[in-house]
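4 protein chains.
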Amino acid sequence: MIIILRPEATEQEIERVEGLARELGLKVHRAQGLGRTTLSLGGSEKDLRAASFEGLPGVKEVRRVTPPYPLAQRRSPGTMVVRIGEVALGGGGVTLIAGPCSVEGREPMISIAESVASHGATMLRGGAFKPRTSPYAFQGLGLEGLKILAAAREKTGLPFVTEVVDTESVSLVEEWADVIQVGARNMQNFSLLQRVGKSSRPALLKRGPSATLDDLLLSAEYILSGGNENVILCERGVRTFADHARNTLDLSILPALRERTHLPVVVDPSHATGRRDFVIPMALAAVAAGADGLMVEVHTDPERALSDGAQSLYPEQFAHLSEETQKLAAALRYDAVSKL
Amino acid sequence: MIIILRPEATEQEIERVEGLARELGLKVHRAQGLGRTTLSLGGSEKDLRAASFEGLPGVKEVRRVTPPYPLAQRRSPGTMVVRIGEVALGGGGVTLIAGPCSVEGREPMISIAESVASHGATMLRGGAFKPRTSPYAFQGLGLEGLKILAAAREKTGLPFVTEVVDTESVSLVEEWADVIQVGARNMQNFSLLQRVGKSSRPALLKRGPSATLDDLLLSAEYILSGGNENVILCERGVRTFADHARNTLDLSILPALRERTHLPVVVDPSHATGRRDFVIPMALAAVAAGADGLMVEVHTDPERALSDGAQSLYPEQFAHLSEETQKLAAALRYDAVSKL
Amino acid sequence: MIIILRPEATEQEIERVEGLARELGLKVHRAQGLGRTTLSLGGSEKDLRAASFEGLPGVKEVRRVTPPYPLAQRRSPGTMVVRIGEVALGGGGVTLIAGPCSVEGREPMISIAESVASHGATMLRGGAFKPRTSPYAFQGLGLEGLKILAAAREKTGLPFVTEVVDTESVSLVEEWADVIQVGARNMQNFSLLQRVGKSSRPALLKRGPSATLDDLLLSAEYILSGGNENVILCERGVRTFADHARNTLDLSILPALRERTHLPVVVDPSHATGRRDFVIPMALAAVAAGADGLMVEVHTDPERALSDGAQSLYPEQFAHLSEETQKLAAALRYDAVSKL
Amino acid sequence: MIIILRPEATEQEIERVEGLARELGLKVHRAQGLGRTTLSLGGSEKDLRAASFEGLPGVKEVRRVTPPYPLAQRRSPGTMVVRIGEVALGGGGVTLIAGPCSVEGREPMISIAESVASHGATMLRGGAFKPRTSPYAFQGLGLEGLKILAAAREKTGLPFVTEVVDTESVSLVEEWADVIQVGARNMQNFSLLQRVGKSSRPALLKRGPSATLDDLLLSAEYILSGGNENVILCERGVRTFADHARNTLDLSILPALRERTHLPVVVDPSHATGRRDFVIPMALAAVAAGADGLMVEVHTDPERALSDGAQSLYPEQFAHLSEETQKLAAALRYDAVSKL
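Chains U, V, L and Z are the protein sequences, given in the same order. So the first sequence is numbered by the working numbering: it starts at 117 and just counts up by one. So the second sequence is numbered by the working numbering: it starts at 117 and just counts up by one. So the third sequence is numbered by the working numbering: it starts at 117 and just counts up by one. So the fourth sequence is numbered by the working numbering: it starts at 117 and just counts up by one.
Since the hints were made in silico from the structure, they are not lab data. The structure displayed is predicted, hence computed values, not measured ones. Please note that a few of the clues may not be correct.
The list treats identical chains as one, so a pair stands whether inside a single copy or across any two.
Straight line, CA to CA, 30 Å or less: simulated DSSO-like cross-link-like pairs of lysine-lysine [stated by the list, open to error]:
id, residue 1, residue 2
1, LYS314, LYS263
2, LYS443, LYS271
3, LYS263, LYS143
4, LYS143, LYS176
5, LYS176, LYS443
6, LYS176, LYS263
7, LYS314, LYS176
8, LYS263, LYS443
9, LYS271, LYS176
10, LYS443, LYS143
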């Protein structure tokens with residue numbers, strides 16, 4: 117931590133800051149030059165409390181030096197590979213995760229699963245527990261949904277990811293699913309993150325609609341610090357004033373995350389845009405920007421979907437996306453291009 | 117629900133939309149005039165699925181007619197009064213809720229409680245379970261914190277509000293506290309909202325950092341639809357590009373909520389600004405805009421606070437705020453001015 | 117300027133940074149301690165180019181020490197008073213600036229002016245040159261509008277403020293008006309700011325819809341550095357995701373500006389909210405937060421207004437606002453409370 | 117325009133709305149059904165004033181039916197081609213526009229121009245008039261800069277685009293340059309747009325930092341309605357809470373614009389991100405999303421650049437970007453994929 121003092125700070129004010137630092141168990145080093153004073157504070161970063169110094173008389177700014185997420189922080193080049201059955205997410209290709217927003221029944225789920233499997237998907241998605249903005253909206257089939265997803269896995273050989281909504285649902289989901297999804301609205305549900313941190317299943321953590329990069333990595337840190345090393349991050353759009361899409365897909369977080377963390381990153385263009393006809397261009401953009409995977413909604417009968425039908429691709433659109441993704445990845449050898 | 121069709125929509129497209137509506141069990145009425153077609157759809161609003169129609173060929177826009185939160189929606193003039201012991205929040209005055217961010221120990225808590233009680237606070241606040249952005253930050257004293265808050269209540273006679281972070285903590289909090297707080301980061305933790313909906317304690321629901329007015333009222337609807345009628349809303353700032361304060365306090369939501377709902381609204385200027393010297397002006401602004409209460413952080417030794425010290429008022433500042441609030445309320449007879 | 121180097125920065129990297137600084141004519145002082153290195157750079161701040169150092173190998177952060185707006189920056193306590201005829205804006209009271217969005221004709225303008233004058237307004241507003249989002253919207257009466265405003269001034273004795281849209285219109289406006297308004301959309305029209313900086317008329321500078329505090333003060337600096345010392349700042353809402361009002365009124369910029377600058381600040385609740393029924397609560401909130409003035413739209417026949425009718429107060433509403441403002445100001449002696 | 121009335125609107129209220137519409141010269145058609153009333157209003161859309169009806173008693177919502185930008189609106193499939201010398205922007209390939217942020221002198225400009233020309237750029241960029249946030253920053257070489265750009269054009273054969281900052285500079289720029297750029301901060305400088313509308317040079321219009329899609333197209337409409345048909349739109353990032361890049365590049369506006377307008381769209385990843393190492397991934401993402409061109413900053417000595425050095429690519433990086441862009445475009449035959 118470095119404290120930049122105001123030019124007009126008095127010696128008394130500086131000593132008060134130094135005193136407080138020592139009281140908190142920190143080493144202090146004062147540097148002066150060209151009429152300015154800065155203090156360097158040392159000690160175990162997790163014990164540092166920057167807020168204690170902000171607002172003290174004479175203090176201009178308090179700057180952290182080490183990032184507050186030691187486990188999520190990149191320590192060596194390359195992306196961590198998360199293995200899910202035969203899938204190696206982060207290993208250089210583009211993992212295609214596809215399926216309906218909600219699991220609505222056995223027949224539709226299996227039909228969709230077989231369709232996306234035949235078109236290049238390597239993992240399934242589908243909600244059994246649905247966090248819905250309205251209490252009157254379809255809330256998912258729960259355990260029954262998990263069983264249907266397991267049946268679809270059996271049929272296709274593809275592992276599946278599904279969302280948890282509370283600590284209770286984690287126990288069910290980790291028993292049935294291959295990857296545990298923490299949704300955007302729960303990105304800072306810290307009890308849930310702690311529970312997921314104790315699971316042996318990989319976690320897919322979606323960025324909250326107003327989360328900064330640091331917020332996202334701190335939430336990942338919650339899971340990592342519980343002992344679960346396999347965290348996949350997911351960009352799914354943030355909330356802004358722009359009204360031409362449901363959210364604003366923020367692809368520049370991809371190179372920014374690449375710089376800061378070794379965790380793999382997938383992009384969800386379906387929730388990001390909320391519009392079927394925007395999904396393919398945004399999915400391809402995500403791949404070009406270096407995404408390790410795509411998570412897209414596909415439905416064989418989107419008009420009758422119980423949730424988010426307007427953003428689900430038709431199967432033939434998914435087939436097209438899958439082909440284009442492969443061409444694009446081949447052309448760019450993007451792993452060499454956009455990654456460290 | 118009203119569907120506005122594109123001018124160029126074909127008869128076939130219109131009939132497809134009508135057919136889907138009937139299939140979903142809705143009554144349809146087609147209106148034409150001046151070369152435009154609109155469809156009115158009737159039926160139980162909770163069964164309506166606007167998304168089914170969005171994106172269909174020929175459809176320009178789908179507009180809901182009734183708000184999606186029948187219980188949170190205002191049905192008569194005036195603000196609902198939530199009674200918490202002797203406090204009548206929403207009844208015309210300004211309820212002052214004050215205390216530390218976190219409960220840090222018995223002595224400091226009681227000292228702060230006595231201080232704020234003597235200066236006009238009518239309810240206490242203090243965190244026992246703390247949702248912290250970093251897993252390494254102080255997470256609260258838990259049950260021990262609740263007991264300390266109860267001791268402070270005993271000493272001062274003031275009821276207290278404290279935050280819950282998961283369904284487990286609700287059981288403890290409802291046993292000890294007077295009001296259950298759902299924090300901003302958990303505003304869309306729907307499992308938590310459902311649990312709070314089953315409690316007999318009033319709930320204080322904070323607006324999420326990127327929640328629209330509808331999002332907030334839909335989250336209130338989760339609690340109300342569980343049977344808990346006593347919901348207090350809380351504005352605490354939203355996330356924007358502006359960087360002079362931690363969040364952007366959005367006071368215009370006060371008249372907007374007044375129009376839409378009967379639920380009382382309090383404002384938290386401490387979390388909204390993150391800076392002690394901004395708290396008083398923003399608190400007074402909130403009162404002038406018609407807030408039913410203020411929730412402010414006060415600490416007798418903010419520099420040594422374990423969380424959010426930089427935004428906590430010194431006791432003498434709280435005393436000043438309390439006086440100014442009374443003068444302002446008296447001058448404006450604000451209940452007559454800013455409320456329906 | 118202080119440069120914080122990365123912990124792993126090599127001596128070679130540090131020397132490169134120091135070399136570049138010296139090459140740019142800056143003095144350099146290196147400080148080391150607890151394993152970290154910082155560089156202090158001195159020299160005329162306007163010559164410093166922080167961007168030259170950002171992104172250099174080994175550089176973690178570049179922090180400015182002095183604000184980049186030496187003239188807009190507060191140098192002593194208190195608010196600067198801008199004198200406009202008999203009006204002393206910033207001198208402790210609340211200046212009420214009222215009138216229609218656009219000047220639409222002689223009769224309506226004079227009727228509105230007389231109405232607001234009789235209810236406590238001390239300055240008139242009205243657009244003669246209108247920056248409209250659509251090229252097909254009413255663009256204002258131009259010179260004719262200025263003459264009508266001058267006639268209204270004659271009738272009521274109140275000075276008036278009106279907007280400029282380009283350097284040409286400044287010459288006309290400075291001839292006829294008392295205060296030159298730079299609108300939100302032109303806040304970073306730097307040619308226009310430079311021209312206004314050469315005028316002898318005070319300027320009212322509106323914050324742009326996505327301007328930070330620094331952006332606003334840098335735009336003020338453009339006017340100040342041209343020699344025009346009389347700059348009034350105006351908060352009128354910023355653009356966010358929130359959809360219950362046209363813009364999000366950001367009142368926390370008031371204490372933030374109070375801390376940084378001596379320039380007086382007025383608030384425009386009409387453009388901020390876009391809704392008549394939100395104007396009074398937000399106006400009172402602005403006064404409670406310490407605004408030096410209010411700028412509100414009033415129209416005697418808002419339904420037939422050529423622009424922004426939906427946000428214009430009826431005359432009796434303005435009368436009510438005026439009374440409440442006086443009570444509130446008297447009660448709070450807000451000059452003592454919310455200002456330095 | 118369609119007006120949706122509140123369910124509880126009285127006959128008197130409805131008649132008042134109808135009366136106002138007729139008074140404004142509009143045809144009115146009332147439609148009733150399922151207990152709801154809507155009014156369709158017909159007439160020349162540019163005369164319609166939706167705001168006149170908003171906020172009237174009984175009115176729930178006012179919806180425009182035709183977009184307010186008849187000239188910018190798409191009327192047939194395909195993208196309009198803007199011809200600039202031998203460049204056909206919008207014609208299916210990806211136009212690469214490259215050069216320094218500011219023109220700093222003859223030698224550097226020509227050196228950069230030759231470098232980018234040899235690596236696939238087909239148009240040059242460089243600022244002679246610079247709109248700078250600070251009055252103390254380098255403001256450009258003015259006419260001298262235009263002459264240097266012309267010399268670079270002479271050397272390389274590449275046309276150039278450069279920014280205008282006021283109506284005066286348009287006259288100089290249209291004399292010397294091939295394309296007139298309106299910068300983001302001037303996107304709603306309507307006097308400037310009107311002047312550019314009278315020019316015979318194509319215009320490149322940058323999206324403002326808080327402009328919606330409609331705002332952008334309305335600004336384009338200003339230019340188009342003046343008679344200048346050749347408008348190129350440019351996405352360069354918007355302002356949000358996200359802090360990992362200077363702005364948030366909003367690529368989802370590409371398919372949204374494709375749907376609404378025939379005007380070609382280029383993307384500026386340099387200003388959008390402000391960071392050199394983010395430029396290439398974002399540029400490739402833009403191409404994958406269907407951009408008609410890229411506008412990137414390149415500098416042979418970015419550390420000594422007088423503006424925005426931290427975001428300028430090194431020449432070898434530009435060469436790499438150029439190659440990757442070609443591969444990507446070839447792989448995707450993106451014109452078939454992402455465009456109508």
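Each hint tested on the structure:
Taking the shortest alpha-carbon separations for LYS314 and LYS263, both the intra-copy value of 23 Å and the inter-copy value of 29 Å come in at or below 30 Å. In this homomeric assembly, LYS443 and LYS271 come within 30 Å of each other (Cα to Cα) only inside a single copy, at 28 Å, whereas the closest approach across copies is 38 Å. Taking the closest pair of Cα atoms, LYS263 and LYS143 never come within 30 Å of each other, the shortest separation being 56 Å inside a single copy and 36 Å across copies. Taking identical chains as interchangeable, the C-alpha atoms of LYS143 and LYS176 lie at most 30 Å apart whether they share a chain (20 Å) or sit on different chains (21 Å).
Proximity of LYS176 to LYS443 under the C-alpha cut-off of 30 Å is found in neither arrangement, the shortest distances being 52 Å within a copy and 35 Å between copies. Proximity of LYS176 to LYS263 under the C-alpha cut-off of 30 Å is found in neither arrangement, the shortest distances being 57 Å within a copy and 39 Å between copies. Proximity of LYS314 and LYS176 under a CA criterion of 30 Å is satisfied in neither setting, with 41 Å inside one chain copy and 34 Å between copies. In this assembly of identical chains, LYS263 and LYS443 lie within 30 Å of each other by CA distance neither inside one copy nor across copies; the values are 35 Å within and 44 Å between.
For the homomeric pair LYS271 and LYS176, neither the shortest alpha-carbon distance inside one copy (62 Å) nor that between copies (40 Å) is at most 30 Å. Taking the shortest alpha-carbon separations for LYS443 and LYS143, neither the intra-copy value of 55 Å nor the inter-copy value of 48 Å comes in at or below 30 Å.
The earlier numbered hints that this structure contradicts are 3, 5, 6, 7, 8, 9, 10.
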